[in-house]
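**Student:** Following the hints, put chains S, B, V, D and Y with the ligands in place on chain X, whose structure we already have.
Residue numbers (our numbering), protein chains in the order written: chain X, 1 to 456; chain S, 1 to 456; chain B, 1 to 456; chain V, 1 to 112; chain D, 1 to 112; chain Y, 1 to 112.
Since the hints were made in silico from the structure, they are not lab data. Some hints here could point you the wrong way.
Footprint (simulated), chain V over chain Y, 3 or more residues, beta carbon under 8 Å [what the hints assert, rightly or not]: (1) 17-30; (2) 91-98; (3) 101-111.
List of simulated lysine-lysine pairs, DSBU-like, C-alpha gap at most 35 Å [unchecked claim]: (4) K423/S to K294/X; (5) K85/V to K21/V; (6) K21/D to K3/V.
Heads up, the beta-carbon is just placed ideally off N, CA and C, and yes, glycines get one too.
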Amino acid sequence: MSLRTLAVLAYLCLPACAFAQTDSPLPSPAAVPAISAGDNAWMLISAALVLMMTGPGLALFYCGLVRRRNVLGTMMQSFAMMAVVTLVWAICGYSLVFAEGNAFLGDLRFAFLHGVGAAPNANYAPTIPHLTFMIYQMMFAIITPALITGAFAERVKFSSTLLFSLIWLFLVYFPIAHMVWGIGGYLNPFLGGKIPVFDFAGGTVVHITSGFSALVTAIWVGRRVGYPQEPMPPHNLVLSFIGACLLWVGWFGFNAGSALAASSLASSAFVATHLASAAGAVAWMIAERIRNGKPGALGAISGAVAGLATVTQGAGFVQPFSAVIIGFIAGFVCYTMVAVVKAKLKYDDTLDAFGVHGVGGFIGCLLTGVFATRAVNDTLKLANGQAAPLGAVDGNPGQILNQLIGAIIGIVFAVVGTLIALKVTSLALGFRMSARDEDQGMDLSLHGEEGYNFDS
Amino acid sequence: MSLRTLAVLAYLCLPACAFAQTDSPLPSPAAVPAISAGDNAWMLISAALVLMMTGPGLALFYCGLVRRRNVLGTMMQSFAMMAVVTLVWAICGYSLVFAEGNAFLGDLRFAFLHGVGAAPNANYAPTIPHLTFMIYQMMFAIITPALITGAFAERVKFSSTLLFSLIWLFLVYFPIAHMVWGIGGYLNPFLGGKIPVFDFAGGTVVHITSGFSALVTAIWVGRRVGYPQEPMPPHNLVLSFIGACLLWVGWFGFNAGSALAASSLASSAFVATHLASAAGAVAWMIAERIRNGKPGALGAISGAVAGLATVTQGAGFVQPFSAVIIGFIAGFVCYTMVAVVKAKLKYDDTLDAFGVHGVGGFIGCLLTGVFATRAVNDTLKLANGQAAPLGAVDGNPGQILNQLIGAIIGIVFAVVGTLIALKVTSLALGFRMSARDEDQGMDLSLHGEEGYNFDS
Amino acid sequence: MSLRTLAVLAYLCLPACAFAQTDSPLPSPAAVPAISAGDNAWMLISAALVLMMTGPGLALFYCGLVRRRNVLGTMMQSFAMMAVVTLVWAICGYSLVFAEGNAFLGDLRFAFLHGVGAAPNANYAPTIPHLTFMIYQMMFAIITPALITGAFAERVKFSSTLLFSLIWLFLVYFPIAHMVWGIGGYLNPFLGGKIPVFDFAGGTVVHITSGFSALVTAIWVGRRVGYPQEPMPPHNLVLSFIGACLLWVGWFGFNAGSALAASSLASSAFVATHLASAAGAVAWMIAERIRNGKPGALGAISGAVAGLATVTQGAGFVQPFSAVIIGFIAGFVCYTMVAVVKAKLKYDDTLDAFGVHGVGGFIGCLLTGVFATRAVNDTLKLANGQAAPLGAVDGNPGQILNQLIGAIIGIVFAVVGTLIALKVTSLALGFRMSARDEDQGMDLSLHGEEGYNFDS
Amino acid sequence: MYKIEAIIQPHKLDDVRNALKALGIDGLTVTEVRGHGRQKGHTEFYRGQEYKVDLLPKRKIEMVVTNDRKDEVIETIVKAAQTGKIGDGKVFVYDVGDAIRIRNEDRGDAAL
Amino acid sequence: MYKIEAIIQPHKLDDVRNALKALGIDGLTVTEVRGHGRQKGHTEFYRGQEYKVDLLPKRKIEMVVTNDRKDEVIETIVKAAQTGKIGDGKVFVYDVGDAIRIRNEDRGDAAL
Amino acid sequence: MYKIEAIIQPHKLDDVRNALKALGIDGLTVTEVRGHGRQKGHTEFYRGQEYKVDLLPKRKIEMVVTNDRKDEVIETIVKAAQTGKIGDGKVFVYDVGDAIRIRNEDRGDAAL
Ligand SMILES: Nc1ncnc2c1ncn2[C@@H]1O[C@H](COP(=O)(O)OP(=O)(O)O)[C@@H](O)[C@H]1O
Ligand SMILES: Nc1ncnc2c1ncn2[C@@H]1O[C@H](COP(=O)(O)OP(=O)(O)O)[C@@H](O)[C@H]1O
Ligand SMILES: Nc1ncnc2c1ncn2[C@@H]1O[C@H](COP(=O)(O)OP(=O)(O)O)[C@@H](O)[C@H]1O
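Extracted from the complex, chain X is given alone in its bound form (with noise of 0.2 Å):
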């Protein structure tokens, strides 16, 4: 098969790469700048609420959609990537990312967070601590891996979870975020990239690599038992609607915050994420109407979460009616993914991680290829000191091939990875639950406990 080919290839070429080249010097930049007591107080703001995001936010949105012997069991696959993805970002993972290193990945000079301290990385943001940046960052490799559990919820076992989720951070997640955010990495338009890419705040390296893994993992792991002729409907829609409304308001952190800084750029990614969350809302809800005659809760907020996922890559580059645009592509786009072509095709991602964070990730990549202008930023200078022209509506439609480069390696990796990491996983601990225990539930089989004990 040639995916496994080339999974075995880039598994071999990975760890060369992550080595490479440690001694390459950092751009040492002319005069270390300030702390900003604002732009420290907004970056670890948005580092909490971006926490917020995975718990309560997305555990709570998970948990609420799963049979109610799988409470637990969701919501613990989001809480353990806030345990374990923290240790494992400050040892090795923050370094593989943000380090110098090659165009791939980050050598580990920043292991076990040396040299990560009160002095900003310039690189990055000047004007708080290397610290505050560090652990903002972590927020995302936390929720990313998180967000892929969704697809296989239900069916797996948590040591399996574990597992499969941490190598997939390394297969996945540090090489694409050091791609498209990294210094010198091969998609970052700001800091020496080959191609262009542009990603504000995780498009590609949040929503596309999470959910086309996602894709990746549902079809291997294969159906729920029951599924789709059993009736499987959410246990608990308020715990969901909760959930969606803490993503809603984290996700200023994560787009808003991906300015680094207090500054105009912030609120206006901030504008572009409200508006677009509540055109996906309203996009979702037309769609439900016309399709059952009935808006559903559960649409309105699926819906804004998808014009969130869509408008992360965009956020800090569109206008903000680019954003309602986006908003409601996004709604019925990722509702017609959902609603019609999974059930056509079949398989079981169990809460539509593909369905939502894929094809709005993707989507929302290409898009930004359409709509970023420097109107909005202007970071990205010409040779004569001039803003950039972004992306089509700059006159620059080429950016969204770029994009759509940047998609395809996205999905690429994400492909590859999650296979490797499924194999791998399979081997060393076994992946799905006994049917028995997925008939009794993961609460009981896996955590010996109970979500509700109404009649105690």
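**Tutor:** Positioned in the frame of chain X, the structure of chains S, B, V, D and Y with the ligands alone reads:
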């Protein structure tokens, strides 16, 4: 009926006002001030907090109080505002409120956020991007119609709720907000108004308008089937509790954020807000203890919300212990309203939107006239450059009358605008659900979903 | 009994201290520093975060763990603190802790917030309004007695909980907080104390005091009817999960906010906090995996809270990977305490307020003596102006002894003050509910409400 | 002694209980059940996926009565619970062998 | 074969189950029910609005037993569930026509 | 008229209902119950404290049928609910004295 006549008059007048005098020049500030990262950080997070007040805050507070079968429908009444009002605000709402226009409505210069960008709007908030100010104010426009829905909860169609809220925004919220906060607004003491009404964070703009409109809708739509003979206890007070706590926390963004900077005025408003909330909770608990022998959890959180709603108008004008007094009065008066007066009058304000927000807003408006002091807020200057005396405690008892006039204008707009909005909505779509749908519940009949599926 | 004697002694002493020496001059700072918008933004939002820790955070964490019939009563034990402690703090608590006084208690110069206004209190936080500092510290006084209630959950009267907590604040919290953090406090190394105890964010002030007081109350009040034969599983772990996540997020305000500025020290404390939480969760999961074969969801969140409580004392003094070690130790030790030791000793600390906060606080206090380093915090200066060595890692092993003395003083105050408070409350109101009320549940018998009415 | 078991619409529970109280019938036990009969269910949608629900919520009232009260109890229930629409429910009658009051060990009719 | 149906106080469930276990009765089915009898309910208040609750939570235990065990089972239940206070509940006894064990299609007494 | 009462595994509910539908049996009532029999429960852990759960969730299906359908209904249920493992459940059969349809006061077999 005189109300009806007034309504028609107002209806005819408003659009005329809306587009008048768009050519009057904005008072251009001498020098464009720089953006403060600290202020922008505070205002962005305040905007996020105010959004969190609506969702999940208010949505949970409300949906926990209804019967199980209406849990999603009630949440959706808040969530839909987050989606729909956002778009309306960006399209023209912001402009109608904050653009210069006449004394009653702004013009359309900021329609589609034209001219709303990184540069501050120095009339309102000279140290933060105009976009930040715009999105912060948006969150107020979202929560206000959401508050109203509490009065007619459990019995109104979703489409009608949306249409009603949209009309209501144009007839009530936009004009009143412009009059109180907009440049040249009739009641704006800081930017050239005729009658000086102090409304720091929306006691009149948000709580009086929503509260009195709520009363009108409750009477218009009539009682729920079975009310009051049939008991309708809250289905999940834990949700209401979470909601109330998030409202409390979010209210710091609402009130302290209304300083529009991370200034010591923000700190002062923060403290006043917190003290009034605490006092309101204590007062309500005492009232319940006296009357039923037991202070209830619903009582405690209702008292906190009453204290918060009541202190909103004066938050940035009063001393800490004035806020305590305001909170205490709020707790006792709103309790009496809700537990005694409502029961006597027998209208069915389902979730006490009037009893808490209308009544609290009204007494808060008057009490601001009593307790506002230049020792806290010296923004208003006399001709000689000294801080002007504000309320009765500053030796300006006439301010109580000004506040009363402001409240009455708010009430008149609310009542008239609501009647028109109800009438138009009824003609266009109908308003109330069928008795059969009401019996089945909003969740199934309006949204085709159930909130809980605990036996799945 | 020696304890009783000591108690009486302390009781007689304290008021005397409280009003002594009010005329000693405050060290007036050379120049009044300007307020920093960035610092104020950070501290206001930190105050909001710490409030959110109590409600909804702790309230949910606790109420999910009790039986269904006590869900509201347990929430109310936290919520009432938000209301009542707020008023007490504003009236005199703040002054007793942070005003200059003697080594054990402040005087009353700030009673009724007299003199607490826009101008900073340069002794503590020279870049934020005094009001901000006051309200931020208030949130700590709210959560501390709320923590204690976990130990006697499900069996104590509401009125007694309130009275007990009030007395406790005066006998334990106010003196210890003054001694550790107040100017001239006996244990305050930064403002002229005798024994230098490093307590960055309240390991001793909050966790040791509440945890050991909790143990005393649990023993005093006796076990719940039916404990331990009758199984009393948590009625809703989802609530506890939400609560734990909000505690985690809020703890950034608690610990990083304790830098009292959006400085790089705040960033450092933020990182330490997060890492310790993650490590605590991992350690507790490992312990459960080893002992029961299954890592539980309750275990994971308990571990995170244990990590957070334990790192609180050292958050602003230790390196990131020291925090990881602290978190790991916390997870293992608190697990052992709660799962093994408690079961052996058979006292009924319902929600493990002692096992997590008391034990975590204690070991965190000692570990701060090990890991505190001037590389992180150079506030303390030697005579020659250089940063003083802090903990054992700085070559100052004697600090461990200082920390132990601090811990012991905290424990003595906690035990003695709690005994007095229990005795007085019992005499005045009684303490424990009747067996009949306990059987019916707090919700109905104390508050006249039910948490859930799912069949309405 | 007979056991009368009535399966009724949830919102009729209060009416039925009041009617029984008027008749002097106090002892009864209520269970939440879901039922299916001629009444059609409804369709729910979650992200476009259809989900047919045809077990609808009902309340089951059980009361054990003395022989002489059987007919009036049935009649009362039927009258109070009737709306004339499909889904109104059923009443079933069973023989009871014995009844014991736990509190004082009364037996038979005395236990009711 | 008889069905013994006991309606008891919720907090007595464990006691009753233990007593039955001691007797060798393993097969039983428990339902959450709400009941009304001589026991008075309670009043709840929500924002000052009174709300009387007179259906109180109970547990229903059903067990089908062979003829010869009927009396000792009843006796055991009554003893274990008794507090002597109003609300202790009732035991009802019914004839059973037949019993089938689904697993292996055993019938009659063998199925219990 | 007989009442057939089947206590089955929760996840078998749909299968049983479909089988009954195929047979033309529409009227039935379902209750959530917990049961104990030969099946062993499980152990839960909360902060290291062990907690044995031996009442497991089951579904009770009740349907009143005419005499002539009794046997095929039992057979159908048993077939649809059987997995052959401990915990499959039981079917009990009771006599029914009378049945009334509340909507139109039909009585006896006509009411089913
Ligand atoms: N034969 C039966 N056995 C048990 N329960 C039944 C039976 N028939 C109906 N029911 C119960 O009665 C309820 C109402 O029955 P349905 O047929 O809808 O009413 P009707 O035909 O009287 O209008 C059902 O939901 C079910 O719970
Ligand atoms: N006649 C009856 N039929 C059905 N259930 C009954 C009957 N009488 C009592 N019960 C059930 O028994 C419970 C206890 O009855 P109650 O009259 O309060 O107890 P007691 O009189 O034995 O002290 C009730 O809540 C109800 O569920
Ligand atoms: N004698 C009985 N009376 C009432 N219910 C019973 C009886 N025996 C079993 N049950 C019910 O049937 C369920 C399954 O019984 P179990 O003994 O586990 O199955 P089996 O022996 O048929 O494999 C139990 O959980 C219980 O609800």
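**Student:** For every hint, state whether the structure bears it out.
**Tutor:** Comparing the hints with the structure gives:
no.	hint	result
1	17-30	holds (count 6)
2	91-98	holds (count 5)
3	101-111	holds (count 6)
4	K423/S to K294/X	holds (24 Å)
5	K85/V to K21/V	holds (25 Å)
6	K21/D to K3/V	holds (28 Å)
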